[in-house]
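Engineer: Below are the chains, spelled out letter by letter.
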Amino acid sequence: MSKRLPQRASEWLKRDKPISFYFEGQKYQAYEGDTISSALWAAGETVLGRSFKYHRPRGVLSLANHDVNVMLADGTDTNMRGDVLPVQDGMQLTVVNTDGGVKNDKKRFIDAISSILPVGFYYKAFHTPRSLFPFWENIIRKSAGLGVVNFNYPRELKRKLHTHCDLLIIGAGPTGLTAALMAAPHGVNIIVVDENAQAGGSLSYDLGGSDESAKRLADLLAELAKYPNVTLRTGAYAAGYYTDHLIPIVETTGITKVRAKAVIVASGAFEQPPVFRNNDLPGVMLATAAQRLLARYATKPCESAVVFAANKQGYRAAMDLLDAGVTVKAIVDLRAEGEPCSLVDAIKSRGVAIYNGACVYEVLPAANKFGVKGAVICSYDEASAKPLLHDRFTLACDGIIMSAGWAPAAALLYQAGTGMRYEKSAEQFVPAKLPAGMFAAGKVNGIFDLAQRLQDGARAASEALTYLGKQVPSVTVDREYIASPSHPYPMVEHPKGKNFVDFDEDISIKDFVHAAQEGFDNIELMKRFTTVGMGPSQGKHSNMNAIRILARIRQLPVERIGTTTARPFFHPTPIGHLAGRGLHPHRLTTLHGWHEAHDAEFTDVGVWKRPAWYRRAGLEKQQAIYEEALAVRKAAGMIDVGTLGKLEVRGPDAAEFLERFYTGSFKTQKIGRTRYALLLDEAGVMVDDGIACRIAEDYFYITASTTNAAAVYREMQRWLQIWQLDVGLVNVTGAYGGINLAGPAARGILSRLTLRPLDDASLPFGAVCDTEIAGVPARLIRVGFVSDLAFEMHVPAGSAQHVWNALLENGAAEGLRPFGTDTQRLLRLEMGNHLIGQDTDGLTQPFEAGSEGAIQFEKPFFIGQRSLQIIARKPLNKRLVPFTLSEGYQGETINECNLVIGADGNIKGRVTSIAFSPTVGRFIGFAYVDPANVAEGAAFNIRTDSGSLVMARVAATPFVQLQSEA
Amino acid sequence: MPLRLLKYALSRKHPAPRFFRDCTEPKKSYDAVIIGGGGHGLAAAYYLAKDHGITNVAVLEKGYIGGGNTGRNTTIVRSNYLTPEGVNFYDASVKIYEGLSEELDINLFYSTRGHFTLAHTESALRTMRWRAEVNKHVGVDSYVVGPDEISKACPQLDISCSGKAPIVGALYHGPGSIARHDAVAWGYARGADSMGVEIFQNTEVTGLDIQSGKIKGVHTSRGYIATNKVLSAVAGFTPRITNMAGVDTPIVIHPLQACVSEPMKPWLNTILVSGSLHVYVSQSSRGELVMGSSLDPYEVHSTRSSLDFVEGLTSHMLDMFPFLSNVKIVRQWAGMADMTPDFSPIMGTTPVEGFYLDAGWGTWGFKATPISGKTMAATMANDQAPELIKPFRLSRFEDYDLTGEKGAASVGH
Ligand SMILES: Cc1cc2nc3c(=O)[nH]c(=O)nc-3n(C[C@H](O)[C@H](O)[C@H](O)COP(=O)(O)OP(=O)(O)OC[C@H]3O[C@@H](n4cnc5c(N)ncnc54)[C@H](O)[C@@H]3O)c2cc1C
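Heads up: the protein sequence lines correspond to chains A and B, in order. Position one of the first sequence corresponds to residue 2 (the working numbering), numbered consecutively onward. Position one of the second sequence corresponds to residue 6 (the working numbering), numbered consecutively onward.
In isolation and in its complexed conformation, chain A is listed as follows (with noise of 0.2 Å):
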C-alpha cells in the first residue's frame, strides 16, 4: 500500500520527474530525489534488508546513513547503503547477505537459534581438534562478510582537489548556517559542507508540525546566498580531521582536501534508540528518521503509530505524525515527569493519550517479522530500569516511533584531539577543551533547543572570527535545559533479549552483561569481544547505549567508563576516491626516444626507465647481451648513463666536506683528477659509491648511482645543516646527459668528435677535463667500470642525443654498438668490479666487501669511521670474493643467492652474481665465502637450487685478463 503524500513545501522530491527501479525482481515506482529506502518505504515495502548476524528483516532505522542493514548490490557494484544512496532509473537492485532473497532468506533460521551463539560463541569453539578448523572457518568466513564483490568492477580514480579557507563549517544545519552567515560580512573566505543532499540540517524535517523551521531555512539560505565569498557544498562529508586542520570532503565526484585556518564543527546529534525488545523490526524507527521520510520524502512511516519517546523530539515528531495523517495511538514516555513542554497540550487535544513513566515493553511482530503488530506498554521504573509489567496492555499499530537521546557527531572533534566531558544535564559528552582553530557548535556541543542552537552557532563564529583575527563583539548562550534531551538510560529488559543495541552486529543487552561477567568490562575491551561499535555504521547509533550499559554494569558514572577512540573515516570511503588519480612518476633521459625507437627493453632502475638491453632480430635475449658485451670487448659501446647522480659541490669547504662525507681523501686530490668516493652510514655500511671530479679548488663534481641519488644528496643536505660547513650543495641530475663510451675502439671515435688530446699522457685513466665534444661542451672523464678504456661524457641534457648520435655515425665502421643495464652488470663483473646493493646488503660493511682499500682510516673524521674501528678490532664473518667455475662447466645453472655452504655444512655466504662470460669463456661471479678461505684458487661450495654442491674457485680480477694471460 502507498505511503506517499501529496507533494509537500519541504519535499526533496522531483514529481515531474518519474522513475521506475526493480528491487529484488520486482518493479517499483519512484521519483527523482527519493533515495532507496525512501522509494521502496513509500511504495509499502516493508523489509528492505536483512540483518547481518541472524538474518532478521530490517526496515528503516536513520534514513542517515547508517542503516547498515539495507545493503543492496545493484550487479555492479555492492554495499551499497539505501538509506542515503538516490535512487536511479532502471536499478537492479538486490540486497546482499541473503541466502534466497530478502523475503525467503533461509538463513532467518539463525535468529531461532541465537540463543547458541551467545556473544564471543566464536571464541569458545570451531577450534578442538584443529585439524576441523579450516572446516568451520569456511563455513564462518562464509556466513560472514557483507556483499560479493564484483571484480569486473571498472577501475575509477576520481579526480582530487586541494583548496584552502578562512574558515570550514561542517554541518549546514541552522547551528552552521547561522555560523557561516555570521561570519560572512567579516570578509573572510568561508566553506560550508553538509553530507545531505540539500542544505538545512534538523530544519529540513524537523517541522514539529509548523511550516515556520521551513521559512527559517529559506531565509537563511537566501541571505547566505548574497556573500560571494561563502561556498555551500551539499552532497559532501568531512571524511576525517588530519594535523593542521587538514580535513579532506568527500563528494561523488572525489575528493577535496581543505586546508582550514578554523573550523566549526556543527555537525549535530545521531539519534540513539532506545532499546526493547523487537526494536529493530520494519516498521520500528527513529523519531528523525520518520520525520526525515515526512518532510523530504512525503511518505508516511506507518498508518498507526505508538511513539516512545523520552525528549521533546519524541513530541515534535508526534505532531508531524498526526499533520500528515498518522494516526498517533499514544505516547509511551519513558520519564516518570512526563515532557515539560507546551507540545504536550497541542497533542492531548488532537486526542493521544501520553502514558508517562512508561514503555514499550515489547514489540509484537507481524507475519514473518516484516512488520509490527502492535506495542507491549507497561510502566517503567526510572530508578532501576525495569518495566513493571503488571499493568502491561497492547495496543495495536504498524510502527513505532522512537526517541530517547543523541550521541554527538563529534567523529572529528575527537581526531582532532578535543578532551570531551560529560554534561549531565544534556546526558552528553560535550568538547571541554577544544584544539586551536576548532569551534564547536549546536548539537554536537549539548544544545538542542532552536534559539539555543543559532545563538550557539553566532557564538562560535564570533570566537572563530576573533581566532582569525578580527574585532567582533563575543556572543554568550544560555545553556539551559528544561528537560535533557537525552534519557540516561532508555533500556527496557526483557526475559527474551532481542533488544538491540548494535543494528549493524545484532548485539542486545545481554550480550553486555555477558562480555562484562566474563571479564570485558572495559569498555574498549567489550567492544573488542562484543564488536559494538565495529560494523559499518562504526557505533554511530550503539556506542553511546553501550557505554550507559557497561556504567550500569560496573555502577560507575557515564564519564568514568569513557570512549572508544574514534578514527576517520567518518563514513567509509571508496578506495578510488582515496586513491586519486594515482601518479606514478618516472623519470626518462633525452634518449629514451631513440632508445624506444631502437627497441630497448626497458628496466627500472630507481625511479628511471633505462634500457636493459637492445632487442635484435633472430636473437634470444641472453645472446643479444652476449653481442653486446663482445662489442665492448673487441671494438666499442656506449650506455646512456644520464640517469647517474650528478652532485655539485662547490665553497671553500667543499674539499672538507667530501673528506667527512666519503671515506677516501680529497684534500690532497688534483684539478683534473677523480676519486672513488664510497659512502657509509653511521653503522660503517656499505651505502653508495661513485666519483668525485675536482673541477676546482672549490668545486667538484660527484656522480651517484642512479638508484641512491636523491638519498645521497638528502644525506648531503642534511650533514651539512650539522656540520655547518661553507659549502653550496646542488643536484644537478636532470641538467646533464651522460654517455659512456666503453672498448678498445673508444680512443679512436671519440678523437674524431673532439679537438683533446685523448692519448694515455693528456687524459690518462681517472682524469677529468671540460671540453668540446662534437661541438658541445662536455665534461670528459676517463674511468673504468666497464672496460679499462672508456670515457664518460656528461652534456647538457638537451644536447645528449646530438652526441649520441654523433657517436653512433662516427663509430659505425669500428662497430660501435649501445648496450643496456643487462650487458652493463656482465661488462663490470668481468672487470671485477662489485656493485653495492647488488654484491652488498643492508649490513655489509667494507671489510667484508674487501673495500679497506677506498678507506682513509687515518683522516679525523668520516661518517661511520667510528663504527669501522670497531669492527675492525673484530674477526670477519664473511668475505667476497671473485671466483669462477670449472672451465666448461655443465651443470645445473647456479643462481645468485644460491647459499654458500661450508664443511661443517652451515652457511657461510651466498653468491651475489654470478653469469656467464662470452669473453672468459666461463661461469664467474662473486661471493661471500668463508674469510679464512679466500686466497686465489681456494675451492668452495655452493648449494644449487637441487641442493647438490658445485664447486667453486676464487679468482683473480679482472676477470677479462684471464683469457689475455692464458
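To be clear, the hints were calculated from the coordinates, so they are not data collected in a lab. No incorrect hints appear here.
Result set (DSS-like, lysine-lysine): computed pairs, CA atoms no more than 27 Å apart in a straight line:
id	chain 1	residue 1	chain 2	residue 2
1	B	LYS169	A	LYS610
2	A	LYS860	A	LYS668
3	A	LYS143	B	LYS333
4	A	LYS497	A	LYS125
5	B	LYS395	A	LYS875
6	A	LYS879	B	LYS141
7	B	LYS169	A	LYS161
8	B	LYS411	A	LYS879
9	A	LYS434	B	LYS67
10	A	LYS159	B	LYS169
11	B	LYS157	A	LYS143
12	B	LYS169	A	LYS258
13	B	LYS141	B	LYS395
14	A	LYS161	B	LYS333
15	B	LYS270	A	LYS108
16	B	LYS270	A	LYS107
17	B	LYS32	B	LYS67
18	A	LYS622	B	LYS169
19	B	LYS333	A	LYS258
20	A	LYS374	A	LYS387
21	A	LYS159	B	LYS270
22	A	LYS610	B	LYS411
23	A	LYS125	B	LYS100
24	B	LYS270	A	LYS125
25	B	LYS270	A	LYS370
26	B	LYS333	A	LYS108
27	B	LYS270	A	LYS143
28	A	LYS15	A	LYS28
29	B	LYS411	A	LYS875
30	B	LYS270	A	LYS104
31	A	LYS879	B	LYS395
32	A	LYS159	B	LYS333
33	B	LYS55	A	LYS125
Here are some chain B residues pointing at chain A (derived, C-beta under 8 Å):
id	residue
34	GLY72
35	PRO89
36	THR126
37	GLU138
38	PRO271
39	TRP272
40	THR319
C-beta atoms are modelled at their ideal positions from N, C-alpha and C, and glycine is treated no differently.
Please arrange chain B with the ligand on chain A, whose structure you already have, making use of the hints.
Structural biologist: The following block gives chain B with the ligand in isolation, referenced to the frame of chain A:
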C-alpha cells in the same frame, strides 16, 4: 555445529567465568613483575607460571590488556625471514601458534592462508631467492614462484599491477597465517591468571627502583611494588622504561599505520605483500580487507593517522586489484613501532641485574608473541637467555654483530 558449542550454550553456566580476575590491589611484593599487558607480557607471565612454576607474578598494564600494538596489528604470522637466526626463532613461534588455540582453549582464528611476498623487480626477486635459500636450509617451507602460480592462488590479482609494476615472481611461504590478535592476549591472560598470575589494568609503571645496579622494585600508579625481577615488554613505550632504568638502546619510535575495509564475502584467500608497492593485505574472517604499508618515515611518538598514508595505500591497492574502486575504507589507525637498526628484536638480560628487556618488536612482533613469552620467561627464571634468543641480545649493537632482517621485514612485517 560443534557439540562443544551446544553444550556451552545449553548449560546454565554461561556466561563462562571471567577470563581473568579484576585485580586492583597489588601485594607489597612479587617474585616477578612484568610491565606491559600486551601479548608479549602476558605470554611471558603464562610461561613463567607454566614452564617454571613461578606464579607469584604481577602484570602491570597502564591501559587495558592488548590495547597496545597487540590490538592494532595486522596479525601476519610467518617465519620466512632472512637470517638463519631469525628464521629459527620465528619458526619456533609458528610451531607454538599452530597448537595454541587448543593449548589456551580459545579460538584464536589461527588461519593458515599461505603468504606471497611479491617481487616487481629482478633485484627484489633476488632477495626472495636469498630468503628462500636460507629458509630451505633451516627447514622452513618457502620457495620462489612465478607469476602463474601467484595467479592460480589469487586470480583476482592484476599481475601487471595496472601496467605500473608488473609482478615477476614471489616468495611463497605456506605456513603464513593470520590470527585474532585480541584473542591471543585474552587467552594468555586467562591462562596466566588461572595459574595465579595477577593482572592489573589501568596500572602504570612510573619509575624503577634500582640500587647498586640491581632492580629492587617498581613505582606504579597503584603504589610501590618490591621485586627482584622486572620484565619490560612495552613495545612502543620502551624508551620511557629504559630511560627509567638508565639502559641505552638504539630503539627509535616510528608510527606504523593500517586500515580496514568494510566486510565483504570471502574472495582473498592468501596473504599478499608487495615491497615495491608498499602494501600488504589479507582478508579477515569477518570479511574485511586488512591493509597496511611500510613505516612512517619520521620518528614520532604518536598514534595519529595521516591522510597521505591511506591515499598512497589505496592507490597501490587499486594497482593490484583495480575492481576495488568502490569498496570502502571504514577505519584507519596507527601504532608506535619500536624500531631497531637491524629489524630484529632486543631480548634478554641488561646491564641492570634483574631487569630484562623484551623490545624492538617494531612492525613484526605479533608473530613472535608465543616464543618471546617462552624465551623471556626462561631468561627471567634462569637469569640467562636461552640459545635461541642470544642473537638478539642488546650488546650486539656494541659488538657490531647485527641480525639483519631489513630485507625480510620492512613491508612484510
Ligand atoms: C599497524 C601495525 C601492524 C602490525 N602488523 C604486524 C603483523 O602483521 N605481524 C606482526 O608480527 N607484527 C605486527 N605488528 C607489530 C606487533 O603489533 C607488535 O610488535 C607486538 O604486538 C608487540 O607486542 P607487545 O606485547 O610487545 O606490545 P604491546 O601490545 O604494545 O603491549 C605493550 C603494553 O605495554 C603497556 N605499557 C606501556 N608503558 C607502560 C607502563 N609504563 N606501565 C604499564 N604498562 C605500560 C601498553 O599500554 C601496552 O598495552 C604491527 C604493529 C602495528 C602498529
